[in-house]
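Protein sequence lines, in the order shown, are assigned to chains S and L.
Take the first sequence: its position 187, counted from the start at 1, is 187 in my numbering, and no numbers get skipped.
Take the second sequence: its position 172, counted from the start at 1, is 172 in my numbering, and no numbers get skipped.
Honestly, I wouldn't trust all of these hints.
For each label pair, taking beta carbons as the anchor points, the in silico distance ranges come out as [claimed, not checked]: (1) P428(S) to D60(L): 54 to 60 Å; (2) D325(S) to E23(L): 36 to 42 Å; (3) M265(S) to E23(L): 19 to 25 Å; (4) L262(S) to A211(L): 53 to 59 Å; (5) E423(S) to D184(L): 30 to 36 Å; (6) D205(L) to E423(S): 25 to 31 Å.
One side of the interface only, derived from the structure: several residues of chain S facing chain L at Cβ under 8 Å [to be verified]: (7) T174; (8) A250; (9) E306; (10) T337; (11) P340; (12) R341.
Footprint (simulated), chain S over chain L, 3 or more residues, beta carbon under 8 Å [stated by the list, open to error]: (13) 5-15; (14) 18-24; (15) 144-150; (16) 186-192.
If you are wondering where the hints come from, they were derived from the structure by calculation, not from laboratory data.
Every residue, glycine too, gets a C-beta built ideally from N, C-alpha and C.
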Amino acid sequence: VTLRRRLTLVLALAVGLSGIALGAGSYFLVRHNLLADSVDSSIVQTRRNLDVATAYPKTSELVDQYKSRGNFLTVATRGGQTFLSSASVSLRSVPAGLRAVVGRGELGYQRTTVAGDRFLVTGAPAANGTKLYFFFPEDGLRHELSVLRNVLLGGVGILVLLAALAGVVLARSTLRPVARASTAARSLAEGLLETRLPVEGRDEFGAWAQSFNEMAAALEAKIAALSEAQARERRFTADVAHELRTPLTALVGEASLLADHLDQMPPESRRPAELLIADVARLRKLVEDLMEISRFDAGAESVHAEEVDVAALVRAAVRARGWDDRVRLEGDGLRVTSDPRRLERIVANLVDNAFEHGGTRVVVSIGPGAVEVADDGPGIEPEHLPHLFERFYKADASRSGRGTGLGLAIAQENAHLLGGELEIASEPGRGSRFTLRLPVA
Amino acid sequence: VDEHVLLVEDDASIREVATLGLEQSGLRVTAVGDGREGLDRFRKGGVDLVVLDVMLPSLDGFEVLREIRHDSQAPIVMLTARSELHDVVVGLELGADDYVTKPFELPELVARVKAVLRRAAPAGDGGTISVAGLEIDPEGFTARKRGEELQLTATEFRLLLELARRPKQVFTRDLLLELVWNYDYLGDSRLVDAAVQRLRAKVEDDPKQPALIKTVRGVGYRFDAGS
Numbered sequence: 001v002t003l004r005r006r007l008t009l010v011l012a013l014a015v016g017l018s019g020i021a022l023g024a025g026s027y028f029l030v031r032h033n034l035l036a037d038s039v040d041s042s043i044v045q046t047r048r049n050l051d052v053a054t055a056y057p058k059t060s061e062l063v064d065q066y067k068s069r070g071n072f073l074t075v076a077t078r079g080g081q082t083f084l085s086s087a088s089v090s091l092r093s094v095p096a097g098l099r100a101v102v103g104r105g106e107l108g109y110q111r112t113t114v115a116g117d118r119f120l121v122t123g124a125p126a127a128n129g130t131k132l133y134f135f136f137p138e139d140g141l142r143h144e145l146s147v148l149r150n151v152l153l154g155g156v157g158i159l160v161l162l163a164a165l166a167g168v169v170l171a172r173s174t175l176r177p178v179a180r181a182s183t184a185a186r187s188l189a190e191g192l193l194e195t196r197l198p199v200e201g202r203d204e205f206g207a208w209a210q211s212f213n214e215m216a217a218a219l220e221a222k223i224a225a226l227s228e229a230q231a232r233e234r235r236f237t238a239d240v241a242h243e244l245r246t247p248l249t250a251l252v253g254e255a256s257l258l259a260d261h262l263d264q265m266p267p268e269s270r271r272p273a274e275l276l277i278a279d280v281a282r283l284r285k286l287v288e289d290l291m292e293i294s295r296f297d298a299g300a301e302s303v304h305a306e307e308v309d310v311a312a313l314v315r316a317a318v319r320a321r322g323w324d325d326r327v328r329l330e331g332d333g334l335r336v337t338s339d340p341r342r343l344e345r346i347v348a349n350l351v352d353n354a355f356e357h358g359g360t361r362v363v364v365s366i367g368p369g370a371v372e373v374a375d376d377g378p379g380i381e382p383e384h385l386p387h388l389f390e391r392f393y394k395a396d397a398s399r400s401g402r403g404t405g406l407g408l409a410i411a412q413e414n415a416h417l418l419g420g421e422l423e424i425a426s427e428p429g430r431g432s433r434f435t436l437r438l439p440v441a
Numbered sequence: 001v002d003e004h005v006l007l008v009e010d011d012a013s014i015r016e017v018a019t020l021g022l023e024q025s026g027l028r029v030t031a032v033g034d035g036r037e038g039l040d041r042f043r044k045g046g047v048d049l050v051v052l053d054v055m056l057p058s059l060d061g062f063e064v065l066r067e068i069r070h071d072s073q074a075p076i077v078m079l080t081a082r083s084e085l086h087d088v089v090v091g092l093e094l095g096a097d098d099y100v101t102k103p104f105e106l107p108e109l110v111a112r113v114k115a116v117l118r119r120a121a122p123a124g125d126g127g128t129i130s131v132a133g134l135e136i137d138p139e140g141f142t143a144r145k146r147g148e149e150l151q152l153t154a155t156e157f158r159l160l161l162e163l164a165r166r167p168k169q170v171f172t173r174d175l176l177l178e179l180v181w182n183y184d185y186l187g188d189s190r191l192v193d194a195a196v197q198r199l200r201a202k203v204e205d206d207p208k209q210p211a212l213i214k215t216v217r218g219v220g221y222r223f224d225a226g227s
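Isolated chain S, as found in the complex (with noise of 0.2 Å):
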């Protein structure tokens, strides 16, 4: 249940019981002191009743003249007879407990019901054995009575539901901030980090702003200057790659002419020249891998899209690294349209990489809008797969590959950039397979 709902129920209840006490004590005070007044006038009735008793000895003309008074009926008996003012009241009526009280000679009251009205009845014996019965209507109070219940169940009713609309008026009121503050919540965890929320008042939801306000700002400094950080440390990468590039292309110049002469040199110095040729093809991978994934990170690198026939760009991969006898290629018709220098790059990272770490045959299968490289090596444990792509993750820490470190981390931008995605399945003992999935338009 909400919080709004919440409050909304407890005041509708409060407000519901205390009606409801308030309307009840009400009712019954008033009730009680009603048929208190009721009973108080009839008994005076009846003694002024008495007094003219007195002044007519013949029951039937005390009867007659009892009935002019109008505002009650009478039963009268005098010996075995009976005298009547109404045909609608009789002996009977009279309930028997009065009858008792008054054959003991005492005035009495009783309240009973005659054909479905309301009396208040009361006796006295008077003068020659005469006993007198006098039946007070009430129908007309107990029909006060029941209006006045009505209002009051009525009025409790409104004020119930008067509550209840007070009360969801009065928490959305309240709890306006709170759903502003977790809108504004949600858009932080979204990334709009210069979200603040308006400070309104000096009660508690205002300071409470004000401190979200400060936390907000305190959250965008620090994500600025970690950006600023991770951009600063992203330049100087490229920096140093750009710097490398020129002192490079002097030594990658200066291993091929070297590596042209080998046969030319004397034996001792001709394995620290091929040590040297390989080293320095070795740096010269490394530092164009660096370039490359610079110009990823500042967002440098387009897409030359075109139609590609798959298979025939995998085949003439292969071919141009001499992998021929070590990669199998299964699969055909795939064609896509895509940037076939992309899809090279990645190809040929991931079988790369699988002859790197101890891969002898690959197979490449090209299937609908995908391309697998799978590989007989050792394979990968589980709690490396989820760290492969990144840079210069090393699976195996005894194991210093030959590679850069950074092939994986290459094609996986390649693949987000052709709007592609890179995923492993490997199993130790059981090979790796990675699966380039490509948009198919």
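With chain S fixed as given, assemble chain L onto it according to the hints.
Below, chain L without anything else, positioned relative to chain S:
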């Protein structure tokens, strides 16, 4: 007679090693270290091809390229950093025939230089092609439009020749890279796009609404001899 290459490169080590590499492949090399000097040397004549670094003291590579293209269609190979995409595009738009990115292997540089030189040699195959108001003479290495000679670089001329020889055929960028630039495997398609832009500027009546060299979207280009 050996072909004469002018190498303009400010880094002494690269200059020396590139000179050695080019010389060992049978070319004659003059190497200079700054842009002004390079341009002066070029203007003295006798240069068959220029290898031009972008970052140069006194006059940068683009300025030198612009100056040379002002009155010469001599073959030019740029040395650029691969990290600067922008450099490649600017160089090609200014009329460079090809480019090599640093760090490069010597055989790569030699192969690019030789491919451009081969392109600049008269193509002694077949007679003059007359199509859509153009006269293309492979032996004389000249192209005329309505009798007027067009100033085309070797690359632009080869490109026009390949396209015009087979009008209506769609050429993929890769095919053109193979036919014109001698790339046997995944060259840079921007070479083709930039050369087509330059060729259109010289051949078309309205380069913005090309009537002769049509783009086939997502595939490549096609020569349209007109209806």
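To see whether the hints hold, each was checked on the structure:
1. P428(S) to D60(L): 54 to 60 Å: holds, 55 Å
2. D325(S) to E23(L): 36 to 42 Å: With Cβ atoms ~37 Å apart, the hint holds.
3. M265(S) to E23(L): 19 to 25 Å: At 20 Å between Cβs, range holds.
4. L262(S) to A211(L): 53 to 59 Å: For A211(L) against L262(S), whose Cβ atoms are near 56 Å apart, the range 53 to 59 Å holds.
5. E423(S) to D184(L): 30 to 36 Å: holds, 33 Å
6. D205(L) to E423(S): 25 to 31 Å: violated, 52 Å
7. T174: The hint is violated - T174(S) has no Cβ within 8 Å of chain L, the shortest such distance being about 58 Å.
8. A250: Because about 3 Å separates A250(S) from the closest Cβ in chain L, which is inside the 8 Å limit, the hint holds.
9. E306: Holds, about 6 Å.
10. T337: holds, 6 Å
11. P340: Nearest chain L Cβ about 7 Å off; hint holds.
12. R341: Hint holds; R341(S) Cβ to chain L Cβ min 6 Å, cut 8 Å.
13. 5-15: holds (count 3)
14. 18-24: holds (count 4)
15. 144-150: violated (count 0)
16. 186-192: This one holds; 4 residues, not fewer than the three required, reach chain S with a Cβ under 8 Å.
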